[in-house]
Amino acid sequence: MASTGFLAVALKSRRPEILSQWTEQLERASASAKGRVSAQDLKAQAKDFLDVLVSTSQTQDTTDISAPGWQPVRSFLEDLSRQRVLAGFSSDETAIFIFSLKRPVFEALKKESGKDSEGLSEEMWKATELLDKLGLHTVKTFQLSREEVIGRQQTELLELSTPVVKLWDGILALPMIGTLDSARTQIVMESLLQKIVETESQIAIIDITGVPTVDTLVAQHLLKTVTAIRLMGADCIISGVRPQIAQTIVHLGVDLQGITTKANLADALALALKRNGISFTKH
Amino acid sequence: MDRIPILRMGEFLLVTIQVDMHDQLAMQLQDDLTRAIDKKGAKGVLIDISALEMVDSFIGRMIADISGMARILDARTVLVGMQPAVAITLVELGLSLPGVATALNVERGMVLLRRLLAESSGDDHFINR
Amino acid sequence: MTISSTGELPLTNEHDIVLGRQSVRRMAQQQGFSLVDQTKMVTAASELARNTVIYGGGGVLKWALLSEGIKRGVRLTFEDQGPGIANMELALTDGWTSGQGLGLGLTGTRRLVNEFEIESTVGVGTRVVITRWK
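Residue numbers (our numbering), protein chains in the order written: chain F, 1 to 283; chain U, 1001 to 1129; chain A, 2001 to 2134.
Keep in mind that the hints were calculated from the coordinates and are not lab data. In this text, all values refer to a predicted model and were calculated from it rather than measured experimentally. For each residue, glycine too, the CB sits at the ideal point set by N, CA and C. Be aware that a few hints might be false.
What the hints assert, rightly or not - Here are the computed distance ranges between Cβ atoms for each label pair:
#1 Lys12/F / Leu2092/A: 30 to 36 Å
#2 Ser1120/U / Gly2123/A: 36 to 42 Å
#3 Gly2123/A / Glu129/F: 21 to 27 Å
#4 Val149/F / Gln1030/U: 32 to 38 Å
#5 Met2001/A / Asp116/F: 36 to 42 Å
As the list claims (entries may be wrong) - As a list, the in silico DSS-like pairs of lysine-lysine whose alpha-carbon atoms are at most 30 Å apart:
#6 Lys195/F / Lys274/F
#7 Lys1039/U / Lys274/F
#8 Lys47/F / Lys2062/A
#9 Lys133/F / Lys2071/A
#10 Lys2134/A / Lys262/F
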């Protein structure tokens, strides 16, 4: 249900002036945008936002932007934030989009109020509250978007930095380097399992020579991965287990449940070849 | 009423599970399979789940039961084709299907079955027939 | 956090379990879950739906698609007016895989989701709510 007062009316009937004043403000503010968004795009975004804001305000109470009726406006701001994150904007540069709308809206309210000064201050307060809330929502989704983008980039980096290597027909190796954390281990393990199916490899060698320490969580992940590999019908050898890690595993009370371990990748490969019935002769 | 077909693959039996399993279907399968093992004197059973995008505890129990029944009838069972997402989920769920041999696909499954049978041909039998 | 859509599905027989699973798969896909996360959610739903039908004497699955800023999730509520769980501690142990326990598989299911809540009163019924986020 729409709220009382003339904010909605003002927005609707004075839309063109609001738009042109706002666009002017945005252009001035974006002198610092350093060309990350074109003037044309900015104008289009302003117009589109104003359209959805005006139509929503006609039927919705402006005091609660979390109501379902405000979804189109929230979605617009979420998309905007995401674009701004990808374009390299900061959160305040993004929030300016909303806050620079205040002045033009106040101007429109002044004209709409006529002699009703009490009504004017009431409506200006409503407008401020509304735009503040929308501005905060923008900042919040900007931050969430940024975290999501960073997360995704990290995942991509992880996949790139931990490639699965085919050592021989039916034998894959996964050299892990650096400290292993829960999230990283999970991603890497999933891609190993996928590769096993794709290449129909019988044996996967997980080499942890380059891993300085292993904690309980990581040990458990390794164990889960090996169990999953076996359920799929392949087998796993863990190589590069250094004395320190062996001690940690025992101290942590982790039961390796009959998983074969080898001191280094070469030994693991020799074993894998043997298991696959491959032998070499010297000439 | 639909049933899951049981095919002959050389000296083994092949069951391909493609549809969503429910109680009746599972019981029917166990019935049909035990009968078939007995009638054809089959020594090995391959259960192909490469088409299953999900395996829950119900299906897991069914597979373990089939494997157990087959064993008592002197046949070995190999489960083939589990998808990675399914394997990861089963491990998280805590289902490890102990005693069920696995292979990547039907071909490898048959190789495994032959090896298992060759290994056990010298075993004592505890069941007097 | 906002709820973008909700709905309800009956859970009275095996066929309903199958339909429920298919719906949950679609929801998880719609919310952009990875294949592994979809599978975890569908499997959890299958376990709980089965409990509702078999131990709860039938009930209902209430679903909701959630969004919190950029994050998207699926929330499923399994409700029945069945006998309830007399021994919650036992039900929440890992014994069921080896044939002990009540076959409810709740601890395993809990590991498949991000949020897990259960309420049960003997003679009144049981309610389990699970949530998974992308």
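Of the numbered hints stated earlier in the document, which are not met by this structure? 1, 2, 3, 4, 7, 8, 10
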